[in-house]
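Participant: Generate the whole structure from the sequences, applying the supplied hints.
Numbering of the sequence shown is given in the numbering used here, commencing with residue 1003 and proceeding in unit increments.
Hints should not be assumed to be uniformly reliable.
[Said to hold, decoys possible] Per label pair, the in silico range of CB-to-CB distance:
no. : residue 1 : residue 2 : range
1   : S1045     : L1067     : 12 to 20 Å
2   : N1058     : S1011     : 24 to 32 Å
3   : E1068     : K1019     : 14 to 22 Å
4   : I1036     : L1069     : 28 to 36 Å
5   : P1032     : V1059     : 29 to 37 Å
Keep in mind the hints are simulated off the structure, nothing from the lab. As the structure is a computational prediction, the values presented were derived from the model and not from experiment. Cβ coordinates follow ideal geometry from the N, Cα and C atoms, glycine included.
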Amino acid sequence: MQNLNQGTSFYSIYQGKRVIQLRAGCDDYPELRIISTSRSYESAYHVAKVTAEFRNVPFENLVPLELLEPETGLKTGST
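Facilitator: In structure tokens form, the structure reads like this:
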């Protein structure tokens, strides 16, 4: 998969063996499988969180704080 980080903000949800991760952009990670992408941080965050709860695995939010708009109120880090 090619790197799709072209200045447009979007977020991707990845599945690992025992984790769901939310990351900015879209890159190829051999140990992860991409589940979904979204232009909306809030939507991606919600889908990632629900997916982790459904699969009973930890959720890791790896989106850097500087990429988030202050009004989202959502925090990065594991939850």
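Participant: Within 29 to 37 Å: is that where the Cβ-Cβ distance between P1032 and V1059 falls?
Facilitator: This hint is violated: roughly 19 Å between Cβ atoms.
Participant: Would you say the C-beta atoms of S1045 and L1067 sit inside 12 to 20 Å of each other?
Facilitator: Once the Cβ atoms are compared, 19 Å apart, the range 12 to 20 Å for L1067 and S1045 holds.
Participant: Is it true that the C-beta distance of N1058 to S1011 lies inside 24 to 32 Å, as the hint says?
Facilitator: 30 Å, holds
Participant: Looking only at beta-carbon atoms, does the pair E1068, K1019 fall within the given range of 14 to 22 Å?
Facilitator: Hint violated: Cβ distance 29 Å, outside 14 to 22 Å.
Participant: Can the suggested window of 28 to 36 Å be confirmed for the beta-carbon pair I1036 and L1069?
Facilitator: The hinted range 28 to 36 Å is violated for I1036 and L1069, with Cβ atoms some 18 Å apart.
Hint violations for this structure: numbers 3, 4, 5, all remaining hints satisfied.
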